[in-house]
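Engineer: One-letter residues, chain by chain:
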Amino acid sequence: MQIIEEISKNRINKSASGSILQKICLDKLQLNPLPNHKSEIWRMANKSKLARFLDYKINHDFYKPNIPYENESQKVIRLIIGDHKKINIKEQEWEIKELDDQKILNLIQHKLLESDSTQNWSALLNHLLTNEKNICGLNIKGRNLPHLEIITNSKNNLFNSRTLIINIEKNTEVEISQINLGDDNSSLSNSSYLYLEEDSQVNHGIVSYGKYKSHLINSLNVFQKKNSVYNLGSLQFKFDFGRLEININQIEGNAKTNIKGMQITQDNEQISTYAKIAFNGPNGFLDQLNKSLARDRSHSVFEGLIVVPRIAQKTDASQLSRNLLLSNYAKIDTKPQLEIIADDVKCMHGATISQLNENELFYMRSRGLTLEQASKLQLRSYYQEIISFLPISKERWDLLALLLKNK
Amino acid sequence: MVNDNLVDNIVSEPYKYGFVTEIESEKISKGINEDIIRLISSKKNEPEYLLNFRLNAFKKWQAMEEPDWADLGYEAIDYQDIIYYSAPKQQEKITSLDEVDPKLLETFDKLGIPLTEQKRLTNVAVDAVFDSVSIATTFKEQLAEHGVIFCSISEAIKDHSDLIEKYLGSVIPASDNYFAALNSAVFSDGSFVYIPKNVTCPMDLSSYFRINSGDSGQFERTLIIAEEASSVSYLEGCTAPMFDTNTLHAAVVELVALDDASIKYSTVQNWYAGNEQGVGGIFNFVTKRGKCLGKRSKISWSQVETGSAITWKYPSCILIGEESVGEFYSVALTNNLQQADTGTKMIHIGPKTKSTIVSKGISAGKSSNSYRGLVKIGSKAKGARNYSQCDSMLIGDKAAANTFPYIQSQQPNSEVEHEASTCRISEDQLFYLQSRGIEFEEAVSMMVSGFCRDVFNQLPMEFAAEADKLLSLKLEGSVG
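These protein sequence lines map, in sequence, to chains A and B. Here my numbering is used: position 188 in the first sequence is 180, and no number is missing along the way. Here my numbering is used: position 70 in the second sequence is 74, and no number is missing along the way.
A few of these clues could be false.
[Stated by the list, open to error] Result set (EDC-like, lysine to aspartate or glutamate): computed pairs, CA atoms no more than 16 Å apart in a straight line:
{"no.": "1", "chain 1": "B", "residue 1": "370", "chain 2": "A", "residue 2": "331"}
{"no.": "2", "chain 1": "B", "residue 1": "31", "chain 2": "B", "residue 2": "85"}
{"no.": "3", "chain 1": "A", "residue 1": "338", "chain 2": "B", "residue 2": "423"}
{"no.": "4", "chain 1": "A", "residue 1": "306", "chain 2": "B", "residue 2": "401"}
{"no.": "5", "chain 1": "B", "residue 1": "48", "chain 2": "B", "residue 2": "159"}
{"no.": "6", "chain 1": "A", "residue 1": "30", "chain 2": "B", "residue 2": "159"}
These aren't lab readings, by the way, just hints derived from the structure by calculation.
Whenever a hint applies, use it, and build me the whole structure from the sequences.
Structural biologist: This is the structure in structure tokens:
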């Protein structure tokens, strides 16, 4: 655990000036360099995989990823974090502007100061290790915006960290897709912050696609003000160690959140999703579905938590975890939780673990399909629900084809 | 909106079992150490192996830390400030009930427990435990005719040493957890049941636990063994007097079911819960576990938890035998400042094992009520099936209802389903019932009882009626 050693020996950022944010993070991490394994959100994490995540050399340089569709079209703005391209576009109906450093600090500082270092370990580590070139802050305003595609990537044999902060102004509607590309034998740490002001809407897609022995920790923090709508579609696959931490905070209630996520594990991989949705005002709405599919000797984890304090009356929240276990050696852990104090609420959660539906398979085979075709068809329908929720055009990232080819 | 005064009136319904029996009792000095354990063991004339079992458990307990993962907050317990053995003074050996101190009989009469065998109509055999010792066991002879052994665990240690040596600690080893280790070191009494092969127990068996003294803890141990193709239904009830201090209750219950055997274990727990300010009440830390060793064996837990300041209890089933079945039906009610963290563990090891979990939580006042349950499907549990349902009802906006289900599966050819929902007593429904001429109180009680119906249906007759009454008594009018 090269990185932890450097943190405890205070060797990080000695050369660089080190921002205020990095100082805060360093202080917190020196007290607790590793997350507490007894805490619920780290209990399931595979220790040796986490150790490998921390075992690469820190890299601040930019390496251009190999991605399809090089040319930007009119409808898509592509941004690769780390490649210095300044973005300041102003059109008639919309505007995308970079945030200055002070604004970025203001936006994320309070979040880091108030929480404890186990809950927020991934973000603390990220901010400590991200230098200013790899921080992307955007302010978005307006309507009829082109699709925004933000790419983060890692380079093999290196530890890469990226931070993304987006402030979405009032009455703005935007589609953002975030692509995390993991290289062979590499680690990628990514922290994203989305601030949704009143009456705004974001359709957000996160696709994390790794290679052999890629490691990823992606923490996502969303703050929603009144009447905002946040739709998240996420897909994680091919990571030896993949971890998505979703924190949604409906600051004033009266907001809508829809989440559809999916994780696919094979070989010896471990992919987990942690989702915490806090309602801090009345009339909040949540609809969350998390699907997972585990093959070979892999391990898939989902942990969800809905928090409804007394102020959050009339909350309507549901969380569903559906899992397919396809091998005798694979393992699925799921834990959808509820913490409720307000009494006039509708909260539900559910979880299922099973294999492919035998009746459906039998029916398709009786119609002349082979077992393989029938299973593929069933898997396709299983994926489709999530993939169709991602705001990514089919031509650019044909994920379904990619997924089915892999199986 | 609902009348607030009414709410207060009924929430403050007095605890009617809160009296203290004035009886001379024999207590040992406070604290726990090796000497105390040797003293308890010698008082009970125990064989060598049991003393070693206790000392071993004590050693393990000393090395353990008190668990803090449960969603409970309470002042640290001073384990040296507890009396680990307290017994009412009486003659050494009792041959008939006439020799039992009449005050004790009176106590149990007051609690509605039929110790005098004239009350045969009830057809329930009772083992009554008062503080640390078992006072009397009824219907022993009739049961013996069928080969059923039903006695206090101290008697069993003397008379059926082979069974005790074989099974004690086989389901819950002394090192299982902090409270189980403490219990294993200092357990004083409890019930022992042995149902021989091919016998269906002719009557329901029952234990009644009563804590009387304010400074002694109760550490009872129950062991039930059901041999091949036998079946038994066992009931357990608990009450305690009102004290300003907190009393510790750390029990261990072990069940063993062999081929085709079935055990039904029902609990109505009504320990003193403390007053509205949260002063006093029992700390209830209980480890209950059943092992379905044999093929097609079945263990069913049903519980109604209404008392205790703190409840920490997870009756579990280890399903080892092929096609064995585990069930858990629970109603947990918390009011005022009560805290409950309760649920179950279903561990599927053998193939084609099935389990059902139905949990209903009701939280009122400022209480906190958590369901915490584990469903684990092992890699050899081919064809295993689990269904869980956890519903919470919130009464008032100061109570908390939490659900923490842990689901782990390693077998693709298995199905696990979990559902949970939260609701409150809807005003529309209340209004409808009231418009039909049903009083407010009765309407609430009807709705709570409807909410718990799935669980009450599983309770034995005598208990179902009592549980229904208990809930309405504890809750009526606390709707906000």
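Engineer: Hints first: check each against the structure and report whether it holds.
Structural biologist: Going through the hints against the structure:
no.: 1; hint: B:370 x A:331; verdict: 14 Å, holds
no.: 2; hint: B:31 x B:85; verdict: 13 Å, holds
no.: 3; hint: A:338 x B:423; verdict: 14 Å, holds
no.: 4; hint: A:306 x B:401; verdict: 12 Å, holds
no.: 5; hint: B:48 x B:159; verdict: 9 Å, holds
no.: 6; hint: A:30 x B:159; verdict: 43 Å, violated
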